[in-house]
Amino acid sequence: MVITFGRRAAPSARTRAAWRRRLPAIALGWVAGYGALRIYWESGHMPARHRLSPVETDLVAFTGWASVALCGAAALVLAVFLAPGAGRLPRVPRRMLLVAASAVAVALVASGALLLLDVIGGVLPGLGIRLYPLGALSRAACVGGGLMVGAVARSYARRTRSGCGSCGRAATAPGPLARTPAWAYWAAYLGVAGCLVRIAAQAAVGFGDSPMSSGPSALLFEAGFVLGGTLLPLSLVHRFGRVWPRWVPGLAGRGVPRRLVLWPGTAISGGIVVYFGLMLLQMVWERLHGRNPFPPEGGLDLPEAFFWVAVPAYALWGAGMAVAALAYARRTRSACRACGH
-13 MVITFGRRAA
-3 PSARTRAAWR
7 RRLPAIALGW
17 VAGYGALRIY
27 WESGHMPARH
37 RLSPVETDLV
47 AFTGWASVAL
57 CGAAALVLAV
67 FLAPGAGRLP
77 RVPRRMLLVA
87 ASAVAVALVA
97 SGALLLLDVI
107 GGVLPGLGIR
117 LYPLGALSRA
127 ACVGGGLMVG
137 AVARSYARRT
147 RSGCGSCGRA
157 ATAPGPLART
167 PAWAYWAAYL
177 GVAGCLVRIA
187 AQAAVGFGDS
197 PMSSGPSALL
207 FEAGFVLGGT
217 LLPLSLVHRF
227 GRVWPRWVPG
237 LAGRGVPRRL
247 VLWPGTAISG
257 GIVVYFGLML
267 LQMVWERLHG
277 RNPFPPEGGL
287 DLPEAFFWVA
297 VPAYALWGAG
307 MAVAALAYAR
317 RTRSACRACG
327 H
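Per the numbering used here, residue -13 is the first one in the sequence shown, and the count goes up by one each step.
In short, the hints are calculated from the structure, not lab data. Be aware that a few hints might be false.
The following label-pair restraints were derived from C-beta to C-beta distances [as the list claims (entries may be wrong)]:
#1 225 x 287: 43 to 49 Å
#2 276 x 237: 53 to 59 Å
#3 276 x 73: 23 to 29 Å
#4 169 x 276: 35 to 41 Å
#5 161 x 92: 26 to 32 Å
#6 232 x 274: 52 to 58 Å
#7 268 x 144: 47 to 53 Å
#8 212 x 0: 42 to 48 Å
#9 144 x 92: 17 to 23 Å
#10 34 x 55: 19 to 25 Å
#11 73 x 186: 49 to 55 Å
#12 34 x 85: 34 to 40 Å
Since we're looking at a predicted model, the values are computed, not measured. Just so it is clear, CB atoms sit at the ideal spot from N, CA and C, and this is done for glycine as well.
Please build the complete structure, drawing on both the sequences and the hints.
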């Protein structure tokens, strides 16, 4: 990034500032448009189920008219952010607004949890995971709206709290981590353990009972599965995730690009936590009502015990990697030039 001195800010800083100013209006238009689509669908124009997802609806958690209400709540929160006096709200109303925005953002992202399957099915079309283009677009719109609401809330929080005028961090905010803390190592290795338990559960019932197809796509998925559950979590806490090892030709000793490790770690852990976290809650709900959460269907007949091992293992994998990604983000973060945090 090129930094210039004087009154004129660097072009990248000006671009980011302009984007932050426009994001609330963009997000409001996005969720309003998606909400209008939900109203149209729920008014008797919902596409056939087989065009949206392998389950009854395109969304989970908030479905039917509840999805319309969720979009309405998101639009209301964004409208408050856009109000002229939003930046001058007292402390308590400001915190209530941020809590409401965070809850709406999480609900939108969780409702589009099936997007994880859409991504896998789209990237690896021969894997046997069916892609539903219309449903995938709906889920992407839902998740995108949630991410934008979260980004608007984060920008608002940084803008309205007392702190550095350059980075927005409070004076008491901790700076970059000098070393990787022990809790990050624990989290990363728990994430690896979750992945290994998931593999062991599959081995116990037999790999031939997997619903996925064989072929190049399956091999790529399995390789990515193992690397994402072992190498990626460990790279978030060990030195080879920050500096290329000596055995890497041409790159040995150079710094690993931060985004190369942090972005996959954040995206994969977030997708796993949302998708399998909701699945675990659904399993508990079904079992409390005396029902088998995964009745045999579609040629897949696995014991219920398998899912009670595999799904919590996924959740542990995602949660551990998420915590390790947080530590990596703080460990590799550049200190603010103005305040040092």
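Results of checking the hints against the structure:
1. 225 x 287: 43 to 49 Å: holds (46 Å)
2. 276 x 237: 53 to 59 Å: At 57 Å between Cβs, range holds.
3. 276 x 73: 23 to 29 Å: violated (52 Å)
4. 169 x 276: 35 to 41 Å: Given range 35 to 41 Å: holds, Cβ gap about 39 Å.
5. 161 x 92: 26 to 32 Å: holds (28 Å)
6. 232 x 274: 52 to 58 Å: holds (54 Å)
7. 268 x 144: 47 to 53 Å: 35 Å Cβ-Cβ, so the 47 to 53 Å window is violated.
8. 212 x 0: 42 to 48 Å: holds (44 Å)
9. 144 x 92: 17 to 23 Å: Cβ of residue 144 to Cβ of residue 92: about 19 Å, so the range 17 to 23 Å holds.
10. 34 x 55: 19 to 25 Å: holds (24 Å)
11. 73 x 186: 49 to 55 Å: Holds - the Cβ-Cβ distance for residue 73 and residue 186, about 53 Å, lies within 49 to 55 Å.
12. 34 x 85: 34 to 40 Å: Taking Cβ atoms as reference, residue 34 and residue 85 lie about 38 Å apart, which means the hint holds.
Hint check: violations occur at hints 3, 7; the rest are consistent with the structure.
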